[in-house]
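K.L.:
If you're matching them up, the sequences are chains A and B in order.
Residue 100 in this note's numbering sits at position 100 of the first sequence, and the numbers go up by one each step.
Residue 251 in this note's numbering sits at position 251 of the second sequence, and the numbers go up by one each step.
Keep in mind the hints are simulated off the structure, nothing from the lab.
Since the structure is predicted, the reported quantities are computational estimates derived from the model, not experimental observations.
Glycine residues also receive a C-beta, built at the ideal position from the N, C-alpha and C atoms.
Careful: at least some of the hints might be erroneous.
Stated by the list, open to error - Straight-line Cα separation of at most 25 Å, DSS-like style, residue types lysine-lysine; simulated pairs:
no., chain 1, residue 1, chain 2, residue 2
1, B, Lys92, A, Lys195
2, A, Lys203, B, Lys198
3, B, Lys92, A, Lys194
To be verified - Only some residues are given here: those of chain B computed to face chain A with a beta carbon under 7 Å:
no., residue
4, Ile51
5, Asn67
6, Lys195
What the hints assert, rightly or not - Here are a few chain A residues that sit away from chain B, every Cβ distance over 10 Å (derived from the structure):
no., residue
7, Val70
8, Ala71
9, Asp188
10, Gly219
11, Leu228
12, Gly275
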Amino acid sequence: MPSERMLMNGSHTVGEAAVRAGCRYYFGYPITPQNELPEYLSARMLDVGGTFIQGESEVASINMVLGASVAGGRAMTSSSSPGISLKQEGISYMAGMELPAVIINMMRGGPGLGNIAPSAADYFQATRGGGHGDYRTPVLAPAGGQELADLTFVAFDLADKYRNPVMLLGDGLMGQVMEPVVFPDFVDLKDLPKKDWILDGCKGRPPRAIYSMLLGQQGELYKHNLHLQEKYDRITAEELRWETKQTDDAEIVVVAYGTAARIAESATEELKAEGIRAGLFRPITLWPFPLPALRELSKKVPKIAVFELSMGQMVEDAILSVGERAEIYFHGLPGGIIPTPSQVAGFIRSAVKGDGTVGRRIDV
Amino acid sequence: MSEPIEYTKIFGRPESLKETPTHYCPGCGHSVAHRLVAECLDELGLREYTIGVPPVGCAVLAYNYFNFDMVEAPHGRALAVATGIKRVHPDKFVLTYQGDGDLAAIGTAETIHAANRGERISTIFINNAIYGMTGGQMAPTTVLGQNATTAPGGRDPRLHGRPIDISRMLAVSDGVVFVERCALNSVKDIRKAKKAIKKSFQCQLDDLGFSLVELLSPCPTNWKLTPKAAWDWVNDVMAKTYPLGVIKDITGYEDKK
Chain A
1 MPSERMLMNG SHTVGEAAVR AGCRYYFGYP ITPQNELPEY LSARMLDVGG TFIQGESEVA
61 SINMVLGASV AGGRAMTSSS SPGISLKQEG ISYMAGMELP AVIINMMRGG PGLGNIAPSA
121 ADYFQATRGG GHGDYRTPVL APAGGQELAD LTFVAFDLAD KYRNPVMLLG DGLMGQVMEP
181 VVFPDFVDLK DLPKKDWILD GCKGRPPRAI YSMLLGQQGE LYKHNLHLQE KYDRITAEEL
241 RWETKQTDDA EIVVVAYGTA ARIAESATEE LKAEGIRAGL FRPITLWPFP LPALRELSKK
301 VPKIAVFELS MGQMVEDAIL SVGERAEIYF HGLPGGIIPT PSQVAGFIRS AVKGDGTVGR
361 RIDV
Chain B
1 MSEPIEYTKI FGRPESLKET PTHYCPGCGH SVAHRLVAEC LDELGLREYT IGVPPVGCAV
61 LAYNYFNFDM VEAPHGRALA VATGIKRVHP DKFVLTYQGD GDLAAIGTAE TIHAANRGER
121 ISTIFINNAI YGMTGGQMAP TTVLGQNATT APGGRDPRLH GRPIDISRML AVSDGVVFVE
181 RCALNSVKDI RKAKKAIKKS FQCQLDDLGF SLVELLSPCP TNWKLTPKAA WDWVNDVMAK
241 TYPLGVIKDI TGYEDKK
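Isolated chain B (complex conformation) (with noise of 0.2 Å):
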């Protein structure tokens, strides 16, 4: 009789992902931005203390998947719910998951003042330049010359104004101390999200201020394009309009290359 082979797990479901499966279209980004918190979350060793706020838009019903305390916040609000979590939990880990339309549109307001007033809050910023959960109407990030249910014929600025580059309006307040922009599109810029998320979160448990990362996330169903024609096309089109990279860094902690 052979000796049993032993197994060494090396890859699995993060414990702060519920085994629940998930409504995301294919090709979404959410799903795989949901990994990437999560795996933060369990490598930080802090999903027993996390308190999160999703949206309202397509990752409304996060809870659903995430596997710690959160709460529902009106439309665009959710950075105004984490501020009065965070207050009376300064000790916990409060993060909010938020849209285009509800961070850049509706809660502009919210956004800038948590932002502002230096929240120790971590803000993961889904931007793909559409409603999606409502059907397709034009976003606040809407690049010109998308098609939108509610731009027919493609985003005009003299008709619809310009497409709104808010992690970069952002950067200038003195309360924010980390902003980066990263793409869901491809292996290496997965890993740098991931990189760029855990380092949000390092922020908020150094007790630095208000730290954002902004996902261009791709949205096949909205963009009527297939799941590998939408990957393409977050490069092509939407990186043009905002490009990734680190736009603010007044952390001071040295990224390991």
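Chain A with its partners taken away, still in its complex shape (with noise of 0.2 Å):
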């Protein structure tokens, strides 16, 4: 049965989804501002009898990950920005190893030890792999409250199904408001598919040795990464997500994910009543970005306007998308400062307008 609706910050709530997602094996260790999350699972993981350990770094915490999803379990990890960059040689090693795990980015400032304050400033390195080596980690992008948990499983069955790091990309901000979720079910353990690849002792079988190295004359590391791009290439065909709000009359379409996007949603709402005709094209999974239908969008709207809490990630994604369909705006701000949906309302009414006073427009 599903739960009871119930009041819970983003990072509990993320906890508890994963839990009932079949997660028993969390590694993390301390970074603001995740740490309501780990604090969760220290206790959550005691009472479903699986694994909490607090590791003695990043590195350490994504090769705990890597050895309990080898083993078989549905495991995770989390982190924020300086975090996440520690452990993207894991993340690499499980992309190259083809080992499914779920990794939680809370994003804040950046770059260096930046601040803690949410930013959404770590897209780049999210969805163009982030680690070394030709590969990528599916990224899902919730805009907080329900979609947290519900992305969480997400997660869980994407990585199983493709054998795959995946990757939840929050922020601060979203991590400790508090916001009503009902969480699914329970998954059954017993119900989810049966891993024939994984390393639980060879009785009554051959051994099975599991690597990235590939040193092979016969082209063996060739091969794997074109096996490995026909997987990408097939999630990119079937997992595409996002959202649109009030585009189908719209005479501007923002686009915006995660918090920027929920800032941008109210800012359409106040352009409303002046008259402006505003939509929103939310992605939810950034890589594979929703390439195919922002730029369906894009020929029918003449103008779409970026906002991202980052100086211009995502836009690049969308101009990819847009190319000369339509005009293109951007406004980014850098991380560490929430704008109110008034000041993304002034960008939005000036990419109107084509004043320029807010934001830039972007020459193709």
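Put the two chains together into one complex, using the hints given.
P.N.:
Now the structure itself:
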């Protein structure tokens, strides 16, 4: 049975959703602003007979995830921006070894130690692979509340379906804010798809070895990369997620994800009173980016306004999607500043007028 | 016609070793260490319940030689990976097999913390005082005066720091129940090493805590010595910095004399 409607902060929501989605192995290292998640799971894993280890570092934690994953468990780690940088080595190995795992990034301001306020400046790192080598990780971008719970389930399912790490990209704001949520029922671990590749001792079968190093002289690494690419192509074809609001008769559509999308949505409501018909296009999968959907939309809408809590990262995917079909405007704010809906409305207003007072027009 | 002769097999390849020729150099300690690990697993009936984690280094391809489940770990992370595996399968046997660069340089944090948590894992630590696979660079365990491609003229404590004795460091941790240092350069010491490895495996089977066997292992290629001279060098030079023997034993096992 689904849970009652509960009021929880976003970090606790992800923790509870992970347990209900069958995650029994959590490994992580403290970093603000996501500490509520490991704190929650340190107690919750005891209830369900799972494992919680506070690792000695982010590096150790992601490699514990690697071990739990290769042993067949649903495993997860969480961190915030600087910590996610440290996990990239492990994520690259897991991509190469085709191991499922869920990685939560509650983004904070960067570069370097930055600050602990919400930011969305890890889009490049999340969607372009992050670590070394030719690989991709699906990236899910919830807009908080209920979606944090729902997409946590999706993340574990995608990871197992494609044998690939999956990232849930939130930010410090949605990790802290309390919102109502209804949790889906507990997954029965017995109902999860059987994994016929795991390491659990070779009794009754030939030994297995799982590795990413392919030194062979017969093009083994080349073939492996082609195989990975075929998988990424399948994910791109089958797993695109996005949401649109009020786009049917819009004169301008705002493209934004996560917290930025929620601010932008409030801004479009504010503009309605002025007679400005502004719609919203919210990518939910950041990789793969819902490029075909945004492309179709840009054939019908004259102006696309991209708003980000970074100095311009997702805008590159928007440009790839829209091309010259519509005018593209961009407004980005560095991490650590949460703008009001009125400020974002100012950007949209400026884009409608094309006066360049807030944000700028992108010359494609 | 005479009666057919009945043969009894008294020596052969352990089942825990595949019939793949290794890539190790002549005189290298790895093949001896592999064999000892394999013999101990066979004798304890563990092969089908074992998950092994090799290092990044010369033994990175150990999964081609060991005949049980194995997973690659990033350089230095074997004990973190092994921790994840052991927590999913507490009833299975988990071992790491790591070199000095892997265990005592890049993986120092993972090593110390897995040991200190008392993870029920057995670690085989191959100390050859050099980076073998990358071609003879200075290792954390390179002894003073020893030449390395990144310590030209020999390791100088002022320039390069001193060799690290991580086995002794680990021994102070309460999570660690057994640490012994052995050598792979004589029949007598190889037999001792096997006994230590088996004891370490028993620690895990009895759920006692973390254990480690350090094996001083010749690397003739990068030491620029003949195999025979390399064996001598283990005794004459290396064992002066890393004395052989039991470093810690709180197992309570009564060793057979």
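K.L.:
Check each numbered hint from earlier against the structure, then list the numbers of those it violates in ascending order.
P.N.:
6, 7 and 8
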